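With the sequences and hints as input, model every part of the structure.
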Amino acid sequence: MGGTFALVHYYQRLSTRPNKKPSGNAFSKVDFSPRVTRSQARRNLPQRPETPTRAPRGGTNVSDAMDSVMDLLEDLNLGPDAPNYSSGSSPLSTLSGHSPTSGENAKNVQTEDEQIVNTALILLLNALTLHCDLVQGEWSLYRQPFVVKKANDKVYEARVDGLLRINHKNTRAIIEVKPFIRNASPEILDGIRMQETAQMAAWIAQDPPPLTGPASNRFTRLLVSQDHGEIYLIIASFNAEYVEYICARSVRSATKDSFLEMNEYGPFFVKDSKHMKQLGTILLAVSIQGGL
1 MGGTFALVHY YQRLSTRPNK KPSGNAFSKV DFSPRVTRSQ ARRNLPQRPE
51 TPTRAPRGGT NVSDAMDSVM DLLEDLNLGP DAPNYSSGSS PLSTLSGHSP
101 TSGENAKNVQ TEDEQIVNTA LILLLNALTL HCDLVQGEWS LYRQPFVVKK
151 ANDKVYEARV DGLLRINHKN TRAIIEVKPF IRNASPEILD GIRMQETAQM
201 AAWIAQDPPP LTGPASNRFT RLLVSQDHGE IYLIIASFNA EYVEYICARS
251 VRSATKDSFL EMNEYGPFFV KDSKHMKQLG TILLAVSIQG GL
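According to the working numbering, the sequence shown is numbered sequentially starting from 1.
A hint or two may mislead.
Think about it this way: if two alpha-carbon atoms lie no more than 27 angstroms apart in a straight line, the pair counts; the simulated DSSO-like pairs of lysine-lysine are [claimed, not checked]:
id : residue 1 : residue 2
1  : Lys169    : Lys271
2  : Lys149    : Lys271
3  : Lys154    : Lys29
4  : Lys107    : Lys271
5  : Lys169    : Lys274
6  : Lys149    : Lys169
7  : Lys169    : Lys29
8  : Lys154    : Lys169
None of these hints come from the bench; they were simulated from the model.
Model, not experiment: these values are computed from the prediction.
Shown next, in the form of structure tokens:
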């Protein structure tokens, strides 16, 4: 196979190659600092940072751009060993209408190195957007650190495995990868979800949305996650009260709505050509829009 998706095909194949050798500590991307005291927390609350204005969208024919990428995606078929699903389980219509790999099948598969999975996902995102002039920003391998602070003290730092950014500074989506399957065990699933939530919270804390609308407004942000051969879309939902909390701007009492909700959709199997085509449609739309 040649063309735009040749390297995508190669690295996604590598990402699904089984390997039982442990690949190191995959949960070391969140670094907590010593606990901040109450007296420290009361000093010097940080000023609200400004979120850069979104760049204007270029181009006039989104439909043609989508059709062009969909034609390219027809070539992305990783093999006949893709899982078989019922006709009613379209990832595009339900996003979570099919079951992830779990149990013993999940425990016995692990990519040799997490960086292989990271490269495979970034190459897929780059290939999707390479020939579309309407795309805003770029999908990068940059392991951006995000920091949560209370007063002037760092609570923790979280690094992501990549991001969608505009002008090298305006983050619009983040990426997280793992060499193993998230449903291999309850402990692994909890660990992955806790890390993804910590990364999302740190991103919001460092780059909060402008709180200019009604207090009831809800904000959304995207995390794209690949675990071995499964890709998930995690959509975070939160309101102004949560922004004030995570940015240490507590000016009013928290309510039951002031939480960060992480909504997980998937998996999209990289060996299923229909899943990849439908996932490609979603991710290209996100790239054209410049985030959620």
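Tell me, in ascending order, the numbers of any earlier hints that this structure violates. 1, 2, 5
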